[in-house]
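S.K.: One letter stands for each residue in the lines below.
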Amino acid sequence: MMKTYLFWFAMLAFLLLGCRNDNFNPNETNNSQQALKFRVFSKNNAFMGLVAPNNVHYVVRFGDTQAGLPITGSYSQTQIEIWKIDQTTLWQQLLISDNYYSLISGKKVLNAKGLERILFDTLEKMGLKNKVNLLKINENNSVSIIVQNSDKSTISIPCP
Amino acid sequence: MKNILLLSFIVAIVSCKAQQTYPLRQSAVDMPENSYFKDFNNELDPYIGTWQASFNGKLITLNITKELERTFSLLGKYYLTDQLIVRYEVRDSSGTVIQTSLSNTYPAGGSVKYLIISTSINIRGNNEVNFAYAGGNCGVGGGEISLKQISSMQFYWSYYPGVTTLNDITCPPNLDYHIYLPETENLVFTKQ
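Protein chains in written order, with this note's numbering: chain A, 1 to 160; chain B, 1 to 192.
Hints in this document: simulated from the structure, not taken from any laboratory.
Treat the hints with caution; some may be incorrect.
Derived DMTMM-like pairs (lysine to aspartate or glutamate); straight-line CA-CA distance at most 25 Å [stated by the list, open to error]:
hint : chain 1 : residue 1 : chain 2 : residue 2
1    : A       : K125      : B       : E33
2    : A       : K108      : B       : D30
3    : A       : K108      : B       : E183
4    : B       : K58       : B       : E69
5    : B       : K58       : B       : D168
Just the calculated beta-carbon pair ranges, DEER-fashion [unchecked claim]:
hint : chain 1 : residue 1 : chain 2 : residue 2 : range
6    : A       : S76       : B       : Y78       : 36 to 44 Å
7    : B       : V163      : A       : K131      : 23 to 31 Å
8    : A       : H57       : B       : Q192      : 45 to 53 Å
9    : B       : G125      : A       : S153      : 21 to 29 Å
10   : B       : G110      : A       : P70       : 37 to 45 Å
We treat Cβ as the ideally placed atom computed from N, Cα and C, and that holds for glycine.
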């Protein structure tokens, strides 16, 4: 569970703090570990990729203009602390909601739907609703875009 | 008089419709706004009080209170719930207080530093009470805590800190980022 925490907090950090200029190295992929990489070609093309377990990959891409990027320091430390404890609260509430967890070795672990709800909820609080695109690359290499319904649940739409 | 009666009737109807009450074990996700998650079975009560444990040469004191009908937000909706609030103090081996939240208050929208608040029950299937911890400076140490009653005088403490990312602008390097709460599972706390 800590690994998935790392992912979602790193996503939040990416949006809060900006990006690093590490290069992707496809040879680094390791199904047993989550490897986070940040990359920016320009401020209009910022994205973050994730190599997740079970050959699932996520890419978060900023979909707005450069003017829409929050500048460093846009959020107060108190705001960030409140969002973080809100994330933990939502995390735990999703773990007692049947549709949002899986049992792995007898332990409840949030599934993709649960994780996606946390991400979209945090983005909305940060004022980034509809400014960030979430792409999911499935095990069979098919690509889907994850979008939020009006009821805030998420659906996966296969890319053509 | 007629108008007052009519107004009272409308208010009563709206009130009935606006709030539904559910047990604490019910997830608030996708539930109607303004629902109240109530501790019907007093499952939180055994944890109320002052508790102590020693860990790695430190003395940890927990002061746990129960608050009724606290407002919280989830996925953009507001709800009410009964919650436990944990305030704590950590002393080193010489008795010096090295971290404390015993006198902290947590007004809405204010700092949540050191806040430990119950969020649900039985996530792990052990009838444990689950808490969210906001962490110390810059949220370091924030994560999950669970308490599991052993007897009327003891419970187990398990703490799972998460990962925190810092930036030097709001989190200068000279702050204390040490985690003083016991990072362990099944630490026995005893009622004082």
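S.K.: Give me the numbers of the hints this structure contradicts, sorted from smallest to largest.
M.R.: Violated: hints 4, 5, 6, 10.
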